[in-house]
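Protein chains in written order, with our numbering: chain Y, 1 to 499; chain D, 1 to 245.
Mixed in with the good hints, there may be bad ones.
Stated by the list, open to error - Some chain Y residues judged to face chain D by a derived CB distance under 10 Å, without partners named:
hint	residue
1	Met354
2	Ala368
3	Pro378
4	Gln380
5	Ala391
6	Val392
7	Gly447
8	Pro448
9	Arg450
10	Ile451
11	Asp459
12	Glu471
13	Gly473
14	Gly474
15	Phe498
It should be emphasised that the hints constitute simulated quantities derived from the structure, not laboratory data.
Where is the CB? At the ideal position from N, CA and C, for every residue including glycine.
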Amino acid sequence: MKRYVAIWFRHLLVDRVLFRQPELAGKPFVLSAKERGRMLVKAASRDAQALGIEAGMVLADARAVQPDLEVLDYDPTLAEKLLAALAEWTIRYSPLVAVDLPDGLILDATGCAHLWGSETAYLKDIASRLKASGYDVRTAMADTIGAAWAVSRYSRAFPIIEPGEQLTALLQLPPHALRLEAAVVEKMQKLGLYQITSFIYMPASVLRRRFGQATLDQIGKALGNTHEAFEPVCPVEPYQERLSSIEPIQTATGIEIALQKLLEMLCERLVKDGKGARQAVLRCYRIDGETQAIQIGTSGPSCSTSHMFKLFELKISSIEPALGIELFVLEAPVVEPLGNAQEELWNLTGGNKMTQVAELIDRLTARAGADVIHRYLPAQHHWPERAITQAVSLTDQPEIDWRTDQHRPVQLLSQPEKITVSAPVPDYPPMLFRYKGDIHRIKKADGPNRIEQEWWISDGMHRDYYSVEDEQGGRYWIFRLGHYNEELSAEWFIHGFFA
Amino acid sequence: METALKKSELVARLRSDILALQGFRAPALGVKHDDFGLGPVMKAFPEGVFPRVGMHEFVSHSPEQTAATSGFMAALAGKMMKEDGLCVWVGRHRTVYPFALSHFGVAPDRVIFVDLKKDKDLLWAIEEALKCDALSAVVGEIKELNLTESRRLQLTVEESKVTGLLHRVSPRLSNPVAAVCRWRISPLPGVAEQVLPGIGFPRWQVTIEKVRSGEPGSWPLEFRDGGFELIGESVSFHQHLSKVG
């Protein structure tokens, strides 16, 4: 025999707002959102409700009732998120908890209540704990989900319905309590069926003809004659493994053995779930109460024991075991699904080339830091410093093609360096230039090639670039900053070397 | 007479065995060997085969030479990477402009740059990269390198079969290192009287100063339309030396 608990959050969203913004307590406020071109009240606080403002009113009407009404934005996904979080919290009362949108939870409490002593104590504990955290709740317990739901919402009687008593409990309740469609409820009201008792004893054929099969199903669900589906939430279990040692461990070898064991356990789970770790933390709990932690990151999801061991190995020396470590905890806080999409993108021949490269990069970053690896993608800018952008990950693909029509030097100085030149007339390439004490006589030149600053990014003068070749065949990329000017002599710079 | 023939046969076989051990693989019969478009330069290598399994040492002494060498190495790496290869470029003060690599047939997004500060880290990173046989080539830019370190790298290459291109940028000593050959690339002036204005295609004097069991030499090459082209007389290394003085 099953027992279910229904929890009804009477003012779920409002309670949430009050929890976040306690200063709103005692003030009338509403949550509103746009619907069909007008602002509608989606939820109203208790003070607003006392003034006659209710969910479903037009906001303008509510403002007419209470001019200094506080209006907050309504987030349509908030209720679902909130209930999911509350459901996870409620797992302390029952392993099977389902979210009942829009404002309730259903617990499968079969065989759980005796742990709290009795069903009364069980329900009382749930209600008082939720009330302590600010939620106005009503609870009920019955043999069926339907009956528990109905009693929690519509009954003022004692909320625990004894086994098999659901029919008696429902008799005095309005038809709404059966979770019927609005049209059906309206029809019942018109016919004067204000209580469940008025129609529940009618023959099934009559009910079906007048109100449809759905109504019969709902009655069946409430009474326990029809099965009702129950979808419990599955909390995400963290990827965490623990290993305690009988004797405190002080040596690097000991730590390595522990790490190896933990990694095997973790990787086995990861492989089973088709996931790979992007980050892993090893925490070592010392017997003097201190905690030591080492962390690694991978550039792609990894579930390879040997690879992660290699990454950890570089950092083991930073652990101070002091008097000894009694507990090791390995956790993968960031996991990603393992995919083979990467190889497709890079169309590498052969199976695990991409993994090998990713592992190489992990080894390099583990030793030298994350900022040593760079990969570049083309960017839509002419300004040479901005024509490339850093790729974030190994799998980033260029969105535009690399341009080969622009002549760019193979060696680019990070900062253009000043040179002195002698140039005949404006817009002609210089005849010679002096760089680091050497005079270079120019034999051949291309240019000028004017590159403007992008005004929406930064101010500054444009550059007139020349590609020049000297007598020895050395090729340089030099530019003049800005226009020729009467007062100022033009400034020339060298920016790169061509191959 | 017969014994003499046998002996020469034996010597030839031994020689090819040694070459194979050193990373030079004789081309299998009927298989067209990849010469990376190097054409006449291939004559310098034993059996005319480019030693893929080996460290190539490049030396440059001025920024112009460094640029020319970078360009040449990029072109070589591009030939090795083909369509889908990957390359790691390890360096200290990286001045290579990734954008320009596309001129030399390398998709810059297929190159992973590793920028490190300490020489020790540089060597370690080059060795780690050479161990990874998913790569087509590894380019390393380093200042000083001694025989032991280079020997270590060469052994790694022989294990993993990833070509290593080691660029020694203005080294203080040009001490011998364990590489299959030593290259020196210097820029060449363009054609003296050309019809078209401008500076034209990159031109280099490509010199192989040392090559294990091969014939050093020097060739003027031009890099045009994704390939190398001989633009003058090739000279043997000794002639080149006497010409330079």
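The hints, checked one at a time:
no.: 1; hint: Met354; result: holds (8 Å)
no.: 2; hint: Ala368; result: holds (6 Å)
no.: 3; hint: Pro378; result: holds (7 Å)
no.: 4; hint: Gln380; result: violated (12 Å)
no.: 5; hint: Ala391; result: holds (7 Å)
no.: 6; hint: Val392; result: violated (12 Å)
no.: 7; hint: Gly447; result: holds (9 Å)
no.: 8; hint: Pro448; result: violated (12 Å)
no.: 9; hint: Arg450; result: violated (16 Å)
no.: 10; hint: Ile451; result: violated (13 Å)
no.: 11; hint: Asp459; result: violated (24 Å)
no.: 12; hint: Glu471; result: holds (7 Å)
no.: 13; hint: Gly473; result: holds (4 Å)
no.: 14; hint: Gly474; result: holds (4 Å)
no.: 15; hint: Phe498; result: holds (6 Å)
Consistency note: the structure conflicts with the earlier hints numbered 4, 6, 8, 9, 10, 11.
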